[in-house]
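Colleague: Heads up: the protein sequence lines correspond to chains U and B, in order. Residue numbering for the first sequence follows numbering that gives the first Met the number 0, starting at 0 and increasing by one per position. Residue numbering for the second sequence follows numbering that gives the first Met the number 0, starting at 0 and increasing by one per position.
Treat the hints as calculated values from the structure; they're not laboratory data. Careful, some of the hints might be misleading.
One side of the interface only, derived from the structure: several residues of chain U facing chain B at Cβ under 7 Å [stated by the list, open to error]:
hint, residue
1, Met-103
2, Gly-114
3, Arg-118
4, Lys-188
5, Gly-229
6, Gln-320
7, Pro-322
8, Thr-352
9, Glu-429
10, Ala-431
11, Tyr-432
12, Gln-435
13, Val-448
14, Asp-535
15, Leu-539
All C-beta atoms, glycine included, are put in the ideal place defined by N, C-alpha and C.
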Amino acid sequence: MTKRDWLEKRKREAPERPVRFSTVSDLEIDPLYTAEDVPGDRIGLPGEFPYTRGVHTGMYRSRLWTMRQFAGFGTAEDTNARFHFLLRQGQTGLSTAFDMPTLMGYDADHPRALGEVGREGVAVSSLVDMRALFDGIHLDRVTTSMTVNCSASVLLAMYFAIAEEQGVPLAKVGGTIQNDMLKEFIAQKEWICPPDPSMRIVVDMIEHCAKEAPRWHPVSISGYHIREAGSTAVQELAFTLADGLAYVQAAVDRGLDVDRFGPRLSFFFNLHNDLLEEVAKLRAARRLWATLMRDRFGAKHPRTLQLRTHAQTAGASLTAQQPLNNVVRVAIQALAGVLGGVQSLHTNSLDETLALPSESAVMVALRTQQILAEESGVTNTVDPLGGSWAVEALTDRMERDALAYIRHIDELGGMVRAIELGYPQKEIAEAAYVYQQQIDRGEKTVVGVNKYQVPEERPPELLKVPLEVEARQADRVRRVKRERNGAAARAALARVRAAAEGAENLMPPLVDAVKALCTVGEISDVYRQVFGEYRDPAWL
Amino acid sequence: MTPRPLRILVAKPGLDGHDRGAKIIARALRDAGFEVIYTGLHQTPAMIAEAAIQEDVDAVGLSILSGAHLTLFPAVLRELRERGGGDIVVFGGGIVPDEDRPELLAAGVAEIFTPGASMQDIIAWVRGHVRPRA
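Please construct the entire structure, taking both the sequences and the accompanying hints into account.
Modeller: Below is the structure:
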């Protein structure tokens, strides 16, 4: 019997429930997939081009993913204590969340920082804060991920300065800085200057790291925020890879060798509720990236072709209603990540829609990963869903649909031009609006929100950052500015300005400037003056 | 005579870039027949109040997901009063813990919508609580 015959028979004999069978991104799903849906063998083997089944030969049998919980709140001392707690609980890498002023290039004492210091992440204005943040943590023994973008160059300079103070050579410093400015304009929307100078700073960092810090990942090409802003899974995949292609092109245009910097590009994807769609997305991402890097840039080094990725469960999928249900959502999403072959993972805490995660909620989130790794058995074999007709057909479909988006972005003149036209921004806003309408009409279910509601009290035990943190932090940065060697700081800042105005790589003068205790805000002001400020076009 | 449509400023104070909710609400209000002006991101309370007066709006909807609601809502209300806009209805939405609600309502915020509120709930509330300014 062919698939068509079977479908006819099913229509006659097995009427379906009156719902739309589609993914959370609204991709319609067939009632059955068969060998007819997966023509040809494009799957390959783990560790072999095109890496559909995973970038490593042994995958989790050789090495488990890195369990890396994102943490940051209050002062550097508060976050340092959380880091030590997580390391004691068996976490294997650090991941830093900075507060909004730090992320937007303002010091804690700036009027625009009012009410925001230490609230959504840790406040870091100068090297003094950075030193406290990593107190007692040896930078040659952990890898650190830092989620920061428009002010990333300053924070990376600080991290390198701390390594130097600890006597750790840069060649031994490993970690990742997000530094993906294109997705900022598309989705997360933290910026200082316009896209073109932002790209220049990113390429300076890629160039500097390739030379000086070969274990550092200078850009984490991120779909996470694109998805959180409301994109579909296909849009997340397509826009992320298109961003990656734009960075590679810009670095190649600078004269860098793709196989020199390419091995240090890494990715960061979202993990939403739709298990098979997410697994397919990750598998399609690897195959598409390997093929694009080979065909467009002539990349040869296997690590340049391999899409290595961090992933985080979807914050936007969690509900304030019946928050314990979030533990289940996170477990499914994390399972999708593991079945999709990610290299590192953050699992969200059940209370995140209400406040910063409490210690007990973070513990459950980390334990979820440990249960997947050590109890569930899914790590025993590599790519256990590989060869499933449904998963392979969905992988092919996502690859095809994403490629269509990437080609359209090529036609617009590449991602930087597409962003200037508002193309990805408008596509995402449209998808987000459609999804919200589907929820409001009850076409898509969110358990506890539009179905199965119960009257409830909001939970106890929420982590709050006291308002005094702001005043304390503002005092600290004022004291730093008052007590440092003013002439040395001014001279260092002038060298940053000269580099920004010219073509010299910004990183060496930045490292000197942070050592002279120039602040995040002061250096960002130089960027604002030299490169201009970007403003939200406020497209609806 | 049919009354003129309500004019609503949807505003995004603070430094964070979480504009998914603000944009969805702005579109939903526009589709419901209101005149909607969206400020875009990263607005200070003074910028929001200035826009509200210049655009002669009847209400301001603030979207705050940064945890800075206890600072930003009162600041916007103060800036509006200083510009003679004390009668403009201010409502908002975002991640606001229940325990912060009384303080915000006492400060003059007309209503707070938290995650899970539907677009219809918000549209219905605006129809019921916002009148054209004299």
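Colleague: So, against the hints stated earlier in the document, which numbers end up violated here?
Modeller: 7 and 9
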